[in-house]
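Respectively, the protein sequence lines represent chains A and B. The first sequence runs contiguously to residue 276 in the numbering used here. The second sequence runs contiguously to residue 1292 in the numbering used here.
FYI, nobody ran anything at the bench for these hints, they're computed from the structure. This one's a predicted model, so the numbers in the text were calculated from it and none came from an experiment. Please note that a few of the clues may not be correct.
As the list claims (entries may be wrong) - Lysine to aspartate or glutamate pairs mimicking EDC-like chemistry, simulated, CA-CA at most 16 Å apart:
no., chain 1, residue 1, chain 2, residue 2
1, A, Lys219, B, Asp889
2, B, Lys981, B, Asp1079
3, B, Lys1287, B, Glu1259
4, A, Lys219, B, Asp954
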Amino acid sequence: MNRPKSYTIAAVLIVLFSLTSLMFQVPNLMRGPGDIAPGVVGPPVFLTIISFALLVLGFVSAYGVWQVQKWGVMLAIVVAALGILTSIPAVIFAPFLALRLVGVLGVIWSAGIIVLLLRPRPTPAMI
Amino acid sequence: MNMQSPPAHADLTSPQLPGHTRRGLRGVSRLSGDVLLSRGLLYIVLVGYASAIYSIVVTCSGLIYWWPTSPPWWFALLAMLLIAATFVPVHTWLRTSIDRLVYDWHDDPYAVISELRQHLDYEPHKTPQAIVSAIVATVAATLRLPYVAIEADLGSGLQTTLHGTQLVHTDLMTIPLVYGSAQIGALHTAARRPHESLSASDLRLLHDLARQVGITLHATRLSDALQASREQLVLAREEERRRIRRDLHDSLGPTLASLRLQLSAVRHTLRHSPDEAERLLDELRGDVRVATADVRRLVYDLRPPMLDEFGLVGALRHVELTSDGLTRSVDAPEPFPPLPAALEVALYRIATEALHNIVRHAQATHCTIGLVVYAASVTLTVTDNGCGLPANYLAGVGHHSMRERAAELGGSVTIAVTPGGGMGVTAIFPLKETHDA
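For reference, chain B alone in the conformation it holds in the complex:
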């Protein structure tokens, strides 16, 4: 078994595999128990056929015309000629029929699927490549196929995992591996014998297996994505801690240390120089104001306090904007249903970013914020009556930030010009019962 990376132009639906031709490579058939069984059956029946023809022709003709004397020698010759004339077609028919019986008959097709599952369950923490290798080996062994290959993108590009060798003069059969409507990969296989194709039974079983393999590959990819997501969560948490630590250390820490020094200075100058003490106290008051603002900024970065104070709808109504000429209206159901905390923060941040963009670029006089909560999703729309997107529009940091916030919770953001000419930002988030409220 080996793995290959196909060229960039390789197409999942193409029956062509890299390094292989449709006619395939010359291979040697395995001398398995099935081969012995099929050949044994074939030759037993052929011997019976030849013996039956000979005995019936010679003996029956003798019974009819020469009884009780022996028939003439040319009756034996006639029997031999009859056997010789019919041997090739009878041999071909018998071989095809017996091979079909031995190889293509699957007493219990679901046992094959069960065996595949057992192989996969044996080591639950296999890598995707190991899982695909196990699948191709199991499919090849249980269906007695000389050649099985799976072509799939397992996260590191399109890869082909092979088992066995395609026999010469056998056509390649490609079965797509799908999950839902998405094609995940392709299963390639070839007939067991030259100049033959797989039976309908084989194809049905392979399609059943392909469905299971598609689900398995999809689950494997999801598992990998989940692991990557977990790692990203840990990294993000550590990055957040580092940011808070940096903010506390670089901003609030020096400010508090400075306040302590200033207090000491005030204490020393208070009796002999009241004016100087008063000046120091003024400076001290300013520094305390800065420290307070730092604390507020830290708190705001963790979670906007207005969300707790007014709720999401109220907070959106109270977002402070630097433009005096911009009016706003908020359309939201009353009472607004409780949403998960993370979702509220994301909606609030996206809305505020959109509002700030309107103030900075849209030259609008009015904007509308809409919130609609469905059974399985929540939609935020922010539209304005401004000048819309410029012709040379390029997404900036703010737009990327909005999209990232949406993607973190499985949502999406669309930015487009509205029919009225202004700009519209639409964010859609899925609602799941598992979200923490």
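So here's chain A without its partners, still in its complex pose:
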């Protein structure tokens, strides 16, 4: 299998992004609706569930990208685009500066994944 370097990097970035997201989302999932600190409102439950679903799909898409599969690349682009959209509430509404910066990092990270996946011509790997 002739995998473009950009796909390898993208797959690694997706896995790292999903693992990081897992670290953030598991406590939110365990806690359920409620404040994350006294007087500090946590993220909406639906956003937590969507983010969790996206990180699971992220792992699946990373496998597809690693295997240089068309479905994997498409799924990874969709997951990264939705990842941008789900990170934006954190950028705008997060109560702490650190959380906002994490949100910004998530947006840039996802955008980088999309660029990496769309950058190469797929021809060398396919035939």
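Given chain A, work out where chain B should sit, using these hints.
Just chain B now, with coordinates in the frame of chain A:
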């Protein structure tokens, strides 16, 4: 899908198709699942892009300069202007990249070839036109090409089989369909989208497909030629039977009937007119001689008896010629290897025809018959020291007959003036293991 016959001047290598221009006809793109997929991906990513730019510009600038108060309104305006300024190039790049991903990526190019084969195997007794129609439909469907055409000579002249419509502002791409070194036809196709061309991946796959299509078309033409050849064999066999039946009926039959009548007459005249009986018996003897000659001619026409008696080389040495002044020599390997019966007859007939031509026209004093047997071919040469070909030479029945006999067995005959000034006939036949010895 439709078929057209191009004009006589149409060239297989020309990218121009009859009735079409390079720019093509205006067509409507299919709203397929691929279109929905590519547009869906494009707009999801575009929404993500616009949202990301807006949130990062507005929020991050606010974080840096106005935290914890809200940033002023003109930061939002700045973000909008940034999005507007970059939207067109980003949209173009994303659309091109996503379209390439959706349309041009072939996970398994050989699955396309396999699918093509399955389509062709589905009905093994398709006509050539149906096979070409299946090919263009399969290529168009599997590569998601809006326009595919095959231009090929399928035995009834150059024909073009089309599938789909060429979109406006797309260039026509022509890939030759070849088998070995022979061009059988051409595959024409066009890009999926206006102002774009096919990708390198598409072109590689199309060239792979073109090779398979070339082989398929060649096989189809061979199959048709084989069928025609079989029909010719049956016709030739029936024609031969009819000739033998006619010869027996018109020649030997009346002669034998006449002999029976003459015998009856001899029987009636034998006692009271012996002289008359003797005259009748003389006539009878002459008629029997004629009948015998007829039988010999019939047998000779089926296969020269000398071939069985002396073998090919011996038979060529014993060919009876009407010219006393012509000497001949036969150069052939000793022992001469056994050849298929049909090949021996063809070589013998061509040699005798050449010898008779020498006697009739060449004014030669000597001729040489050469036989050379190679691993895959046998060559017969008949040369003389005569006057060669006349200036106003026109091939006669004898030359046509020689060429036809050679062509029947896949061979060829060349008639040319030799360096010594005489004439030379060269017949080359392929030797195949499948020939019946």
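Going through the hints against the structure:
no. : hint                  : result
1   : A/Lys219 x B/Asp889   : holds (13 Å)
2   : B/Lys981 x B/Asp1079  : holds (11 Å)
3   : B/Lys1287 x B/Glu1259 : violated (19 Å)
4   : A/Lys219 x B/Asp954   : holds (12 Å)
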